[in-house]
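J.: Listed below are the residues making up each chain.
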Amino acid sequence: MANPSSASSSTAESGGPAVARAVVEVAKVSKTFGTGPGAVTALDGIDVSIGEGEFVSLIGPSGCGKSTLLRLIGDLTSPTSGIVTVNGKPARRARLDRDYGMVFQAPVLMDWRTIQANIELPLEIMGYDRDDRTKRSADLLRLVELEGFGGRHPWQLSGGMQQRVAIARALAFDPKLLLMDEPFGALDEMTRERMNLELMRIWNRTKTTVVFVTHSIPEAVFLSTRVVVMSARPGRISRVVDVDLPQPRTADTRESERYFELVTTVREALRRHESDAPIAADADRIRAEGLG
Amino acid sequence: MTEVARAPRRSTEWLPPLLVFVGVLVLWEGSFTVLGVQSFLIPRPSLIWGALVSEWPTLQRGVLYTGAEALGGLAVGVTLGSIAGLATARWATARQTLVPLATGASTIPIIAFAPIAINWFGFESMLPRITIVALMTFFPVMVNTIRGLTNVEPAALELMGSYATPPGQVLWKLRIPNALPYWFTALRIAVTLSVIGAVVGEFFGGPLYSLGIYVTNQTGSFKYPNAWAAIVLACVLGIVAYLAAVALERIVIPWQRHRDEAA
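Each protein sequence line maps, in turn, to chains V and P. Quick note, my numbering runs 24 ahead of the 1-based positions in the first sequence. Quick note, my numbering runs 22 ahead of the 1-based positions in the second sequence.
Hints were generated in silico from the structure; no laboratory data involved. Take these hints with a grain of salt, some might be off.
Calculated cross-link-like contacts (lysine-lysine; reagent style DSSO-like; alpha-carbon spacing at most 30 Å) [claimed, not checked]:
| hint | chain 1 | residue 1 | chain 2 | residue 2 |
| --- | --- | --- | --- | --- |
| 1 | V | LYS159 | P | LYS195 |
| 2 | P | LYS195 | V | LYS200 |
| 3 | P | LYS195 | V | LYS113 |
Everything numeric in this text was worked out from a predicted model, so none of it was measured.
Bound conformation, chain V alone:
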């Protein structure tokens, strides 16, 4: 507020009324893998701005570059052209400042560490002292409802529990931004739905900005405030769907009429860039899954 430059921030230019400060700003970003005739354009002309407290899903067919876009935001890879800004600074600076937490499709837990020590890994690296670490990990174990499991080892936990540990680890140092790369992709449908509810509960409490990569339409609609639909070859943003479902999202959300409408909207946005397979049959399947 005391910052005089805040008046001319980029969110003002985008014209949205009372839009929260942008946490992630992706401007004219392209990413090409390889050179010469074998080069593959993973992303082409991507523009996206993600405000504070938003939950944005990136969805699209495989090869649309949604994971690459997430990695660009996290500075785990660099754009061929364009600029990625996180918390108002270059993505690299933001990574070095430890501005975000990341959750992968696999939990990537260290087998030689207990659950508690796994959650404390980033805290150790960032030089928190022992008391702080113990306190933080205890809080986080409570947050992901794994109290009493701190002394166990990863192999003693189910897949869903392991992924909760990964989420706790990503939140351990209180990052403003959470990057999630198909975190529930390897889980069965039942566990995935439970994890979605869990994630909503955590998100409502922490108010962290989330960028979430998924290939599941129901998951994207259920979780997000906005769904960014991408198309492949080259990876482009084909449509952005605002999800106006009421907060907090609960199991009932999945049964509301508006939810089905939005699922259909996202589905059709995805379809437009693909072959014309029967849409009605799929919508029925989603409806059945949602009600079952």
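Go by the hints and put chain P onto chain V.
T.: Same frame as chain V, but now just chain P:
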């Protein structure tokens, strides 16, 4: 609960090989007596046992001496192999210079090298055998250390990258723990090689009671059961060393065993 469940499984693991072992001994003893197989070919177990008992004072010294050589060479080889592996995984220059050198060194025929090592250090010294054993064990340890340090899950490296982890901490918190199972696999190989290396090295020189020299001398004077008693002891030495390595592995990296069982 798992501890209770594991206990009975232990005896079912150990019992069959034990029974087979005893069975083979009985069959060996019986058939050799009936068929009248000459003891210079292979003596009966009872003859070997007799030799073991009567020659124990000499054999005991031999086991201790040869064991010390194996252990000394193992310590040198494993230490150098680990250091070389660490350096190689850390610095590209080390990778380019050390690996070809180490590969070359590992192809030196031990039989040819043993007399030269004796030339260097003299007959009575343990050093020729320690050098030989170190040379034999260095390579598998280095190769496995490199593999363990570099064969890290890409997502785990990305995770460390997302925390902007300094390279030293990536090494300490990710690469080294990741390398330990590979390193222990190498240790198992190195431990068995060390006893073989020490005994073979002794064929070219060493004190009279050392196992290698003892086997050579006893065979030369047709005391085959004595020679076999020494061979049996060399085997026992190797087995004990191997079991010690396995036990150490279970203490240091207990997670690996659980991971194997879960898989």
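J.: With reference to the structure, classify each hint as holding or not holding.
T.: Each hint tested on the structure:
{"no.": "1", "hint": "LYS159(V) / LYS195(P)", "verdict": "21 Å, holds"}
{"no.": "2", "hint": "LYS195(P) / LYS200(V)", "verdict": "25 Å, holds"}
{"no.": "3", "hint": "LYS195(P) / LYS113(V)", "verdict": "29 Å, holds"}
In this structure, none of the earlier numbered hints is contradicted; all agree with it.
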